[in-house]
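**Student:** Okay, here's what each chain looks like letter by letter:
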Amino acid sequence: MLFNSIEYLIFFPAVVALYFSIPDKWKWVLLLIASYAFYMSWKAEYVLLIMFTTLVDYFIGLQLVKEKEKKKRKFLVALSIIVNIGMLAGFKYLNFFTQSVNDVLGAFNSNVSSPIWDILLPVGISFFIFQSLSYTIDVYRNNAPAERHLGKFALYVSFFPQLVAGPIERSTSLLPQIKKPAKFSEERLVSGLKLMLWGFFKKLVIADRLGMFVNYVYENPSQHAGITIILATVLFAFQLYSDFSGYTDIARGSARILGYELMINFNRPMTATSLRDFWNRWHISLTTWFRDYVLYSLPYIKGNQVKYHLFYRNLVITFLLMGLWHGASWTFVIFGLIHGVMLVLETITEKARTSLYDYTGISKSATLKNTLGLLFTFSLVTVSLYFFRANSLADSLLLLKNSLDFSTMSEAIAYILKSNEVLFGILMVIGLLIIEHMHSKRNIIEAIASKPIMVRWSLYSGFVFFVLLFGVLHENKFIYFQF
Amino acid sequence: MSRKFAIRFALFVGLILLINTILDQSFKAFSVHNILNEKMDEQFTEYNDTLKFLALGNSHNCINTHILDKSFNYGSPSENYIQSYYKLKHILETTGKKPEYLLLQSDLSSYGEKISNRYEYNSYWIKYIDYIELAKVKDDKSILTKWIEGKFFSYAGNYKDIQLSIVYRIKMKNIEMYNGYRPHRDYKNFADEPNKRKTAWNKAQLILSGDVYFDEAIKHYFDKMMQLCQEHNVKVILIRYPLTREFDEEEKKIVPADKLYTEVENIASRYNIYQGTFDYHNLYFDNPEYFFDPDHLNIQGSDLLTQRLKKDIEALESNLAEKNILALD
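As you go down the protein sequences, you meet chains A and B in turn.
Per this note's numbering: the first sequence = residues 1 to 483.
Per this note's numbering: the second sequence = residues 1001 to 1329.
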């Protein structure tokens, strides 16, 4: 069941109505049933994976509290990691590793090859496994208490608004909200609906519209060159952002109506002035997950000293893994590698860059410095997206190469100028950036809320019909579902 | 929930529903595609002559009903076999009109996944299509939303149709249509196209699917259409419409034509009402001036093709008559 489907438009209000009409003590039961039903609408039997992860981590969590011996505690948390990552590896990465081994063996003219399995990737597996895993690690580190109520823990792992594409919530944030369900709030209902509407705008009007042009180019890489490829990649950056942040807004809006506050996952990432800044703004729940459970878990202190070369190595490893988290393909590995290496370079050249800015006088103008930083960061992110979006490594390299071929530029520009969808998509992106900028200066929602009722209603209803009229209503999947 | 909030919320929802109804009804009355399709339905209802030929298909189908006597061109833009089946079923089972021949479009693009998943102009098609049956055939519940869309949200996602309708309203004073045929492709010519190859490639990418070149649902409805014709004793002629050389070359890079037509022939030949395929796809390879774009004939091309089709049908009928005489002997 997609958020942008009629099924969800029936399912969600029904859940909300039931939720607020039953006693508090049964609310978790309703939400758990709704969450499993939501997941089962894709492939019913895969709900067993969520149940299995839930049971494993629930019992390990309880054991971790009982167990005082360090070695045994370590064993328990390792068991949780092995089971969870093993499941992820089996369903998501097995064929990738097998294919890679086969390719290597093939390169040496070996006749030995392992079979490729016909496995359908369970929707959102990387999200619910990471959410569940963070719980056992937090319990192990004594950062979170173990949950004794199996049903409520099961709901923490499977809460439907964020089940298939995040935000990846921590138990310390979501479990207390599950334990103490909020009463119905008019304010939350209105605010949640507004957030959902904004998410639908980003998904239906921007992301799915840009996706048409991006697919046209990326599905036929040999047919395009120069400006067409560059524009498609730039637009893909906005498609990805609108798609994923749109999903997050709908998820957060849905949760808010039910009385749950989910974490902010995006904070205007397209205005980042450095790569570090970008990752502090983009898919925040994933970045902080890798920071807390991978980056800082890898050794980088010897004696009492921070060993920077080890820290940089860890940074690259973390980003490699983060790339791989997105998908079982070498293109995602390269995507992660680019970001890891560039982050290291950005860190070690920081002093030199500051000196250069001082020497050239750039540092005197914050606007100029930020603009340069923004352009550089956006360009770098865009280049890495050649790997993120392309269907194969060969396609990414071909697209990168062809990007430098400007022989058919006038023809390409003529095509783009004739394409109403592309132009409208670009216009909407500009609109999105302007609104986000304005909102960062002054809360637009509050500003509208202070207007007279006729103005407010005109604006809200106008926006509803704008989304309905200009949205691409083909129930396109959210990009992050595949991860 | 406070009483004041409940009233306000209900009023707001009421306002949204009211605006939605206004937009939905306005779109249905204003959309050029709806108007054209409804006019075609109207003309079909008023058609009182003997119906010898009924042409079905999408915009590739350009049979000029002025030239082919006793014919009705009931094809509509982006129509696929699923829609054609339900329309044909309606014609044969409820209108009391029965054609002698069904001239059914059979292009490479008629069978693929892309045409199978095109659900445009639902507000028009809801009167023909059994969406519950279709959802079962396709094993896809989301198809039921197309009914909802057609019934209550016809305007949703259709801003381009509105844009087009405005242009049509300004340019077109009255709709020239005769027995379903509308001569309108005269404002550009493929011969003048500077980059024929690229244009053809773009179009081929848009409508053809290589992975699923014979979609299961299309196969199902094609078979059902043949069954329906068999039951009502309607002879079927499949027609491959003319294409530009560039488009044909591009589409053959995507779809394995020989494989597809072998499968089509296997299904069609199971029915004795099947009269064969008239393959015109390469008829005007050397005449780009007969085309409006890579895969649509213009008015001149349509006229020439219909004349050719008329002759071929005459030849087919005289052959059939000869066969019948021989059989009697």
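If you're looking for bench data, these hints aren't it; they were derived computationally from the structure.
Do not take every clue at face value.
Claimed, not checked - Far from chain B, some chain A residues (derived; all Cβ distances over 12 angstroms):
1. Leu32
2. Met51
3. Leu62
4. Lys68
5. Ser113
6. Leu121
7. Asp138
8. Ser173
9. Ser185
10. Glu187
11. Gln223
12. Tyr312
13. Leu374
14. Phe466
Said to hold, decoys possible - Listed below are the simulated SDA-like cross-link pairs for lysine to any residue, each with C-alpha atoms no more than 25 angstroms apart in a straight line:
15. B:Lys1198 - A:Asp405
16. B:Lys1253 - A:Ser185
17. B:Lys1138 - A:Lys307
18. B:Lys1198 - A:Leu397
19. B:Lys1151 - A:Leu197
20. B:Lys1127 - B:Glu1193
21. B:Lys1004 - A:Asn391
22. B:Lys1004 - A:Ser185
23. B:Lys1004 - B:Leu1023
24. B:Lys1114 - A:Trp457
25. A:Lys307 - A:Thr354
26. B:Lys1198 - B:Asp1211
27. B:Lys1146 - A:Lys307
28. B:Lys1253 - A:Ser5
29. A:Lys302 - A:Val344
30. B:Lys1151 - A:Ala449
31. B:Lys1196 - A:Ile230
32. B:Lys1138 - B:Arg1169
Claimed, not checked - Label-pair distances were calculated between CB atoms; the ranges are:
33. A:Met438 - B:Leu1018: 50 to 56 angstroms
34. B:Leu1018 - A:Ala37: 39 to 45 angstroms
35. A:Gly86 - B:Arg1118: 41 to 47 angstroms
36. B:His1066 - A:Ala17: 56 to 62 angstroms
Glycine included, each C-beta is placed from N, C-alpha and C at the ideal position.
**Student:** Tell me if the straight-line CA distance from Lys1198 (chain B) to Asp1211 (chain B) falls inside 25 angstroms.
**Tutor:** holds (22 angstroms)
**Student:** Closest CB-CB distance from Leu32 (chain A) to chain B, is it above 12 angstroms?
**Tutor:** It holds; Leu32 (chain A) is separated from chain B by about 23 angstroms at its closest Cβ, greater than 12 angstroms.
**Student:** Does the no-contact call for Lys68 (chain A) survive, Cβ to all of chain B over 12 angstroms?
**Tutor:** holds (50 angstroms)
**Student:** With the threshold set at 25 angstroms, check whether the alpha-carbon distance from Lys307 (chain A) to Thr354 (chain A) stays at or below it.
**Tutor:** The hint holds at about 23 angstroms.
**Student:** Please verify whether Lys1114 (chain B) and Trp457 (chain A) have alpha carbons no more than 25 angstroms apart.
**Tutor:** violated (40 angstroms)
**Student:** Can you confirm whether the C-alpha distance between Lys302 (chain A) and Val344 (chain A) stays at or below 25 angstroms?
**Tutor:** Holds - the C-alpha atoms of Val344 (chain A) and Lys302 (chain A) are around 20 angstroms apart, at most 25 angstroms.
**Student:** Given the hint of 50 to 56 angstroms, check if Met438 (chain A) and Leu1018 (chain B) actually sit that far apart at their C-beta atoms.
**Tutor:** Distance hint for Met438 (chain A), Leu1018 (chain B) is violated at roughly 31 angstroms.
**Student:** Need the status of pair Lys1253 (chain B), Ser185 (chain A): alpha-carbon distance at most 25 angstroms?
**Tutor:** violated (59 angstroms)
**Student:** At 12 angstroms, judged by beta carbons, does Ser173 (chain A) keep clear of chain B as stated?
**Tutor:** For Ser173 (chain A), whose nearest Cβ neighbour in chain B is about 27 angstroms away, the distance exceeds 12 angstroms, so it holds.
**Student:** Quickly compare the C-alpha distance for Lys1004 (chain B) and Leu1023 (chain B) to 25 angstroms and report which way the hint goes.
**Tutor:** violated (29 angstroms)
**Student:** Does Tyr312 (chain A) really sit off the interface, with its C-beta more than 12 angstroms from all C-beta atoms of chain B?
**Tutor:** holds (44 angstroms)
**Student:** When you look at the beta carbon of Leu121 (chain A), is every beta carbon of chain B farther off than 12 angstroms?
**Tutor:** Non-interface label stands for Leu121 (chain A): nearest chain B Cβ at 18 angstroms, farther than 12 angstroms.
Hints 9, 10, 11, 14, 16, 17, 20, 21, 23, 24, 27, 28, 30, 32, 33 and 34, counting from the list given before, are not met by this structure.
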